[in-house]
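K.L.:
Okay, here's what each chain looks like letter by letter:
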Amino acid sequence: MSIELRNIRKTFGDFVALDNINLRVATGELLALLGLSGSGKTTLLRIIAGLETPDAGEVLFHGADATTRSVRDRNVGFVFQHYALFKHMTVFDNVAFGLRVKPRVERPVEAEIARRVHKLLTLVQLDFLADRYPSQLSGGQRQRVALARTLAVEPKVLLLDEPFGALDAKVRQELRRWLKRLHEEIKITSVFVTHDQEEALELANRVVVMNNGRIEQIGTPEEVYHRPATAFVHNFLGNVNLFHGRIENGKVYLGDTAVDVDRAHASASGNGKAVLALRPHLIEIITRPNGKPSFPATVISVNPAGPQVKVELVAEWGDAVQVDVGHERFDELAIAPGARVFLRPKEEKLFVYQI
Amino acid sequence: MRPLRSGLESRLEKLCFNLRRMRVFRHPVEPFACRRYGMLTRNAFIAPMATSIHIAAPPGVTLTRSADTLTLHLSGEWSMRHKGAATARTLSSLDAPPKPRRIEFESSDLGEWDTSLLTFFERVLDHCRTRGIEVDRSGLPPGVQRLLELAEAVPEKKDARAAAARESFLTRIGNATIEALRSFDEFLDFFGRVTIAFWRLLRGKARFRTSDLMIEIQDCGANALGIVTLISYLVGIILAFMGAVQLQQFGAQIYVADLVSIGVTRDMGAMMTAIIMAGRTGAAFAAALGTMKVTQEIDALATMGISPLEFLVLPRVLALVLMMPLLCLYSDFVAILGGTTIGVGMLGINFTVFVHEAAYATTMTNVLGGLFKGTVYGALIAIAGCLRGFQCGDSSSAVGDAATQSVVMSVVLIVCACGLFAVIFNILGI
Ligand SMILES: Nc1ncnc2c1ncn2[C@@H]1O[C@H](COP(=O)(O)OP(=O)(O)O)[C@@H](O)[C@H]1O
Ligand SMILES: [Mg+2]
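Chains as they are written, first to last, in the working numbering: chain A, 1 to 355; chain B, 1001 to 1430.
What the hints contain is simulated information worked out from the structure, not anything from laboratory work. For each residue, glycine too, the CB sits at the ideal point set by N, CA and C. Keep in mind that the hints are not guaranteed to be accurate.
What the hints assert, rightly or not - Ranges between beta-carbon positions, derived for each pair:
1. D131/A / S1395/B: 27 to 37 Å
2. L1181/B / G238/A: 48 to 58 Å
3. N22/A / M1214/B: 48 to 58 Å
4. V105/A / S1396/B: 34 to 44 Å
5. G38/A / D1401/B: 51 to 61 Å
6. E284/A / S1093/B: 56 to 66 Å
7. D1401/B / E347/A: 36 to 46 Å
To be verified - Quick look at which bits of chain B chain A covers, simulated, 3 or more residues with Cβ under 8 Å:
8. 1306-1317
9. 1412-1420
Said to hold, decoys possible - Mimicking DSSO-like on lysine-lysine, the simulated pairs with C-alpha atoms at most 30 Å apart in a straight line are:
10. K156/A / K1099/B
11. K102/A / K156/A
12. K1099/B / K102/A
13. K119/A / K180/A
14. K273/A / K251/A
15. K1099/B / K87/A
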């Protein structure tokens, strides 16, 4: 089932939680809502589910207006951040719950319920825990039970609100891969919320980046990572150095140095102030200028732990700069804190945003 | 990207931030904060205030006007030992005609300074902001500029402000009234929805689990017997005792039996049971539903196509409505037993005589009236408890609040209903 949101707006008192949201989720798609905490992701998800009513705008399910349709009739499955399992029921009963409370005419017989529950528990790889209570499970297991419980009523749409938010990094990675496989298997239209950019980029077919109740960019993981539409998206998706520069007559100035900018990455025209964004691995450290645009800086600290050496510098105009260099190159350079070096931005990767 | 700062500067800023959060800027003479955090001076962070003991010129501000610009010459040592005399004078001269359009600062004669200077600037800036006077900060010492910027960047703590601004008596009464009316409104709304759910139940459409109903019946029926016994027995004793002291004077002790049986069956039995159930079961309903709200179990139910109102509220209301008359009847019986204890033990009335008199005074109308009241109280308690549970906020501390509020609401509703019944029964001549 496809979902469409048109001009959704939601306020809490004077606070605008969502402002003019337009979004389409295609059938069978796995869409990620990515944004900082408080950017309105949960509110948007709850509006899709019908747990919250928008102040303005429409929600369409499969092309039909569902704005006023009640939660019960929307046929959505919702997985909550803190699992929301029924504490006083076993894992089996939790998963069976949705089937058992169906009206008598729709309710399957008990044997059929048992069969379906076991099938779901096998799908989430927890069949051996059917008789336990939620309090006896680990966080990751609880979340998988919650997912099985949601899938039991065969929803047309699956909504997940930071499903792995409360878990530790290792388990999260595992569940991430597992969810991707699961989605490929059952192909249900899914929207999941996360504040973890890695999770969004790895899992989703498309990513929606949200900020302060507005959508900053919608695109495939590759698009949002390599062609961010705004400085916010650029900053949010991974480490980035932001510099204040200015644009004059088609040239971009960083301090007094003019840099050539590949026009494809410059969303800037005319003259004025601009923000220049460059990821740490796209800056080269050189010991003396080689004719190409470069600017002087002083090394502040060096951290060689990890796959790349993280070098912190301060540019001559006072901005802190982070640069990642390979270990081999680092040994070649032989720099230590206090050293005066030159930074050469890889211009073809430089992004310019006008402000 | 933040420019890198020297260790001392960043430490100063952090301190300033802390001071700001403790609102020392607004209450610079708060002794605790001063002692604890020391003071900010231009040169260093001097920890205990008492160690800076040199005498210096007091803080001074001289004003010079040119065209529509006012220049403030700052001089002397600005320390918290000198109370803000300079502040008041400056502020009043800002208002004196001719009104300046712009102010500037001159600080070459300024000596040592601490938070008091910042307080002074804050007041002046505030003053200028409200009057639309332009401020040129370039004459301020650089340290002050930086600290002021930082102070303005940190949002004020909202709760501190709320505590500071006390509302007037009338405002508070008005707000409380609006709040009370709104909460009654919510109650009526919820009552209506529960009624609709009941209607669906009667037509066999509502869905909840019988096992839930049974558990609730056990909890607010059998499990409540102990406390109901204790309280009812004591209420019987108290009623009888109070009556006995008066009636003894006229030699009319035997009427203690009438007093207790009529008083208990008509009103006190239902009332006391209801109050017990409000504290015990109503609060438990609010806490149970509040917890489910916090853990989002209620949302989970809704997304699984189940009406939380039918699934969670109906069994609870039904259980209490079914159990209240039984508990009332039991409470009546135990309270009369308590009265009998006093009659037989203290007044020396024969047991058979006392029971006979009590039985004679007890009428079916009174008993049934009492049971009816009890049933209504039960419905009110259950609905108030569930309502507050549903309205619970999103934090776990909100669950406690919900429980408390449910008890308050129940008790108010019980007392109002009791008064209403008294009037109605009176009109009907029961
Ligand atoms: N029921 C509510 N009442 C008032 N404010 C709310 C409510 N729900 C959410 N908000 C506010 O709306 C904003 C967005 O919340 P939310 O959608 O939960 O953000 P996210 O899930 O992206 O962290 C937050 O600032 C939050 O305080
Ligand atoms: Mg959220």
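K.L.:
Hint by hint, note whether the structure agrees.
P.N.:
Here is what the structure says about each hint:
1. D131/A / S1395/B: 27 to 37 Å: Taking Cβ atoms as reference, D131/A and S1395/B lie about 33 Å apart, which means the hint holds.
2. L1181/B / G238/A: 48 to 58 Å: At roughly 53 Å between Cβ atoms, G238/A and L1181/B fall inside 48 to 58 Å, so the hint holds.
3. N22/A / M1214/B: 48 to 58 Å: 50 Å Cβ-Cβ, so the 48 to 58 Å window holds.
4. V105/A / S1396/B: 34 to 44 Å: holds (40 Å)
5. G38/A / D1401/B: 51 to 61 Å: Between G38/A and D1401/B, where Cβ atoms are some 23 Å apart, the hint is violated.
6. E284/A / S1093/B: 56 to 66 Å: With Cβ atoms ~60 Å apart, the hint holds.
7. D1401/B / E347/A: 36 to 46 Å: With Cβ atoms ~59 Å apart, the hint is violated.
8. 1306-1317: Result for this restraint: holds, n = 3.
9. 1412-1420: Not satisfied, violated; 0 residues make the cut.
10. K156/A / K1099/B: The hint is violated at about 69 Å.
11. K102/A / K156/A: holds (17 Å)
12. K1099/B / K102/A: violated (76 Å)
13. K119/A / K180/A: With a Cα-Cα distance of about 19 Å, the restraint between K119/A and K180/A holds, given a limit of 30 Å.
14. K273/A / K251/A: Holds - the C-alpha atoms of K251/A and K273/A are around 12 Å apart, at most 30 Å.
15. K1099/B / K87/A: violated (69 Å)
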